[in-house]
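**Student:** Given only the sequences and the hints, what does the whole structure look like? Please build it.
If you want the building blocks of each chain, they are given just below.
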Amino acid sequence: MQFSLFSSPHLHQKNGVSQLMFQVILALLPGIAAYSWYFGYGVLINIALAVTTALASEALMLRARGQPLGLFLTDGSAVVTAVLLALCLPPLAPWWVPVIGAAFALIFAKHLYGGLGYNPFNPAMVGYVLLLISFPKEMTAWLPARELATHTVGLQESLELVFTGATAVQGMTIDALSGATPLDYAKTQLGLGQPMAEIRVQPLFGIVGGQGWEWINAGFLLGGLWLLYKRVISWHIPLAMLGSLLILALCFQWLNPAGYPSALFHLVSGGVLLGAFFIATDPVTAAATPRGRLFYGAGVGCLTYIIRTWGGYPDGVAFAVLLMNMTVPLIDYYTPPRVFGHNRH
Amino acid sequence: MKTRRLWSFSGGLKLPGHKNPSTPMPIVQAALPKRLVLPLQQHIGEAAEPMVSIGDQVLKGQVIATAQGYLSAPVHASSSGQVVALENRPIPHPSGLSAPCIVIETDGKDAWGERHPVENYRQIDPSHLRNLIRQAGIVGLGGAGFPTFIKLNPGPQPKVKTLILNGAECEPYITCDEALMRERAEEIIQGAAIMAHALNAYHCLIGIEDDKPEACTVLAAAAAEGIEVVPIPTRYPAGGEKQLIKVLTGQEVPSNGLPIDIGVVCHNVGTAAAVYRAIHRGEPLLSRIMTVAGKAVAHPGNLEVLLGTPIRHLLAQQGANIQSIDRLIMGGPMMGFTLHDDGAPVIKTTNCLLAGLHEDTRQPPAMPCIRCGACVEACPVGLLPQQLYWHARAKELDKTQDYHLFDCIECGCCAYVCPSHIPLVQYYRYAKSEIWTQEQEREKADLARQRHEFRQQRLAREQQQKAARQRARKAPVTPSASKAEKQAAIQAAVERSQAKRAAQKTAEDEPFSSP
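If you read the protein sequences in the order shown, they are chains A and B.
When the letters of the first sequence are read in order and numbered with UniProt numbering, they come out as residues 1 to 345.
When the letters of the second sequence are read in order and numbered with UniProt numbering, they come out as residues 1 to 515.
Because the hints were derived from the structure by calculation, they are not lab data.
Hints are supplied without guarantee of correctness; some may be wrong.
To be verified - Under the rule of at most 25 Å between Cα atoms (straight-line distance), these lysine to any residue pairs were calculated in the SDA-like manner:
1) 399(B) <-> 336(A)
2) 399(B) <-> 335(A)
3) 14(B) <-> 338(A)
4) 159(B) <-> 263(B)
5) 395(B) <-> 229(A)
6) 399(B) <-> 326(A)
7) 432(B) <-> 337(A)
8) 230(A) <-> 233(B)
9) 295(B) <-> 6(A)
10) 14(B) <-> 229(A)
11) 161(B) <-> 336(A)
12) 230(A) <-> 9(B)
13) 432(B) <-> 5(A)
**Tutor:** Dropping the structure here:
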């Protein structure tokens with residue numbers, strides 16, 4: 001009897017790309033739940049719009065590039081990109097904001113570079129930065145968290161606000177509802193010479209960070225730790241990123257407690273935890289060697305702190321990630337592991 | 001068992017063992033097949049040279065092919081009978097090609113030829129001991145098949161510090177070494193003592209993965225002075241020679257180097273048992289213990305099989321459903337290779353036969369690499385598998401070497417964990433063979449160039465010599481030579497030509513005379 005020949009190994013792990021992506025989405029759920037609890041239906045509408053656009057763009061580009069639709073459309077990578085982008089957008093942003101962002105992320109940042117695995121820049125962050133610099137007004141109109149809202153917006157009102165810009169019943173516009181984020185407020189007030197202690201007593205702030213943001217970030221932390229436990233991501237990038245940011249924040253806080261927010265405030269008031277566990281760890285665009293990941297994560301953490309403290313934007317995670325994406329080939333080249341039987345040189 | 005300090009190697013995997021079906025099975029003697037097919041090459045190195053011809057009667061243990069060159073091993077008749085063929089037959093080899101084999105039709109008597117056991121090996125010179133081991137045809141039974149006597153030669157090395165016996169058996173499914181250690185601990189220990197004597201080694205460590213507690217206990221109880229049984233953590237590929245040495249001694253075999261470079265020699269436990277039989281009983285290597293397992297096998301187990309037994313015979317004996325076999329693997333699921341034909345025989349390096357795996361072996365379509373780094377974490381050598389893959393795929397062969405392609409041990413850890421299901425090892429094998437081919441071609445070209453240069457030199461030399469001869473001939477006839485001399489020379493030439501013509505004429509006149 002004759003048999004076919006195959007190449008070893010003959011055993012394989014079951015975990016594929018789509019399972020990895022699915023686990024990432026699963027890990028995002030606690031954060032998403034907290035986010036929509038504090039900021040309403042807008043978050044979910046953003047996700048729905050971004051995911052739909054992303055899948056449509058992905059299908060379009062796969063067709064244009066003559067790639068198999070079924071294999072790649074189900075890999076989950078487009079969904080992860082879309083959800084991450086949507087989580088960075090202000091709730092109740094006009095409908096075209098997530099649509100433009102997701103389409104740009106998928107078409108320009110991903111497929112024009114060769115699709116899954118070939119993009120040098122994190123597509124979600126490219127989409128976010130495009131929106132941030134092109135539509136600054138829409139991108140900074142944030143809702144107040146649940147406790148501070150004078151009026152909670154229901155599902156129908158949310159949809160009206162997203163698609164028409166105003167509610168038919170109340171005659172309310174987004175502008176009337178929105179305000180600054182805690183990070184934005186703190187940055188502006190520090191710029192005006194207010195000491196941190198006085199800024200912190202504003203109702204915008206909660207126990208350690210921004211009102212509501214603490215819990216959203218706790219949700220992302222929970223999901224992130226689960227990803228670490230499931231070994232979907234390695235510890236190097238989150239640890240290095242959070243560590244470097246914390247060390248910088250502690251140093252400056254120690255030097256001048258009135259002039260700089262606390263380290264903990266940095267951690268739980270913006271996109272740092274989402275960035276550390278879900279964005280900077282994007283395998284395609286992050287460094288691949290274990291040592292390289294430490295440098296890469298530390299770079300993202302430092303740049304985030306620098307941009308937040310002295311840069312033009314209240315949060316710096318997106319820029320920090322994109323800047324560090326550029327350095328990845330160099331980092332990987334200079335940080336190979338030591339090969340067995342070779343001496344360190 | 002003393003607790004001993006252990007080291008660890010980076011990477012590696014915790015694999016599903018699948019050893020349960022065959023682990024408890026005692027070693028069973030496989031039935032004598034009607035025909036034994038003995039390939040001339042069952043080891044690394046030169047194929048053996050046949051010593052018998054068709055029709056010859058052979059006895060069990062008789063040499064039927066002798067070693068050719070240093071790196072080679074003889075082949076013995078594994079049972080008595082008649083040589084019925086010397087021809088190309090399917091052999092167990094990744095290529096699926098056929099190779100020269102000696103086919104013996106067994107007579108069922110299993111009659112031994114002469115045996116020369118050694119009374120006391122301690123009184124024998126190590127070089128003579130090595131020679132006996134060589135004549136017994138013993139090669140590494142772990143899978144690589146390196147002639148054992150060479151590895152028992154410490155060479156100019158001042159001292160072999162440690163002899164290591166490899167009982168790790170880290171691949172899933174395989175349990176033959178475990179069965180051997182459990183049942184024939186005495187043989188292994190005695191073999192280890194002989195090896196240590198041949199090497200003049202200080203002490204001997206036997207490394208066993210800690211998922212085989214019974215083997216550890218039994219061996220430790222049998223262990224003699226200077227031999228230590230060391231349980232090591234179960235982590236694939238702990239049974240890789242270099243990994244095992246690292247775990248047991250903390251030392252790394254240098255890249256491009258051999259264990260002997262750091263004073264270590266490593267042999268498989270099965271090899272030690274074979275050495276014991278060769279020396280104490282005068283039996284050459286005629287059989288080996290192997291595992292037959294897999295989804296399609298009704299009665300998985302550990303068998304003592306005569307070398308040359310066709311695999312078909314074993315599958316039938318263990319109740320295999322041949323039709324349901326999707327792939328037939330010789331060796332383990334991580335590093336073993338698939339067989340094309342179940343007529344191929346068991347050879348010295350056959351440690352396991354897997355008829356289908358319990359897991360789904362269908363490989364999903366390969367996706368693009370997402371640089372997740374799982375392969376980097378899994379690699380026990382510290383390579384960057386994804387970089388190697390990029391460069392191998394782009395045929396940037398020099399870059400693959402910059403990334404230490406030739407340090408890859410092809411353990412398959414990277415391909416196992418790859419979420420994109422990229423057959424990484426296949427790319428490395430491809431790159432290695434491309435580089436070897438290029439090197440061969442370069443050598444060939446170098447040789448051709450050298451030959452051409454030699455030829456040019458020779459022609460030039462001949463030219464010079466010719467010129468020199470001409471000059472020498474012309475030299476006496478100088479322009480200043482007298483007229484009389486010239487006249488004499490012409491006269492002599494004319495006479496010579498006349499004499500020649502006359503000789504030719506006589507030859508033509510007598511056509512039947514010899515020239």
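**Student:** Would you mind confirming whether the straight-line C-alpha gap from residue 159(B) to residue 263(B) stays at or under 25 Å?
**Tutor:** Within the cut-off at roughly 7 Å; holds.
**Student:** Checking one constraint from the list: CA of residue 295(B) to CA of residue 6(A), max 25 Å. Satisfied?
**Tutor:** holds, 17 Å
**Student:** Given the proposed pairing of residue 399(B) with residue 336(A), does the C-alpha separation stay at or below 25 Å?
**Tutor:** OK: residue 399(B) and residue 336(A) at ~14 Å, within 25 Å.
**Student:** Hey, residue 161(B) versus residue 336(A), does the alpha-carbon distance stay inside 25 Å?
**Tutor:** Roughly 33 Å between the alpha carbons, so the hint for residue 161(B) and residue 336(A) is violated.
**Student:** Does the alpha-carbon distance linking residue 399(B) and residue 326(A) stay inside the 25 Å limit?
**Tutor:** holds, 22 Å
**Student:** Between residue 14(B) and residue 338(A), does the CA-CA distance stay at or below 25 Å?
**Tutor:** Roughly 22 Å separates the two Cα atoms, so the pair holds.
**Student:** Verify the proposed pairing of residue 432(B) with residue 337(A), using a straight-line Cα cut of 25 Å.
**Tutor:** Distance ~21 Å between residue 432(B) and residue 337(A) Cα, so the pair holds.
**Student:** Taking 25 Å as the top limit, are the C-alpha atoms of residue 432(B) and residue 5(A) close enough?
**Tutor:** Holds: residue 432(B) and residue 5(A) sit about 20 Å apart, inside 25 Å.
**Student:** Does the alpha-carbon distance linking residue 14(B) and residue 229(A) stay inside the 25 Å limit?
**Tutor:** Satisfied, since the Cα-Cα distance of roughly 16 Å is no more than 25 Å.
**Student:** Given the proposed pairing of residue 399(B) with residue 335(A), does the C-alpha separation stay at or below 25 Å?
**Tutor:** At roughly 16 Å apart (the allowed maximum being 25 Å), residue 335(A) and residue 399(B) satisfy the hint.
**Student:** Assess, step by step, whether the Cα of residue 395(B) is no farther than 25 Å from the Cα of residue 229(A), and give holds or violated.
**Tutor:** violated, 37 Å
**Student:** Hey, residue 230(A) versus residue 9(B), does the alpha-carbon distance stay inside 25 Å?
**Tutor:** Distance of about 22 Å is within 25 Å: holds.
In summary, the numbered hints that this structure violates are 5 and 11.
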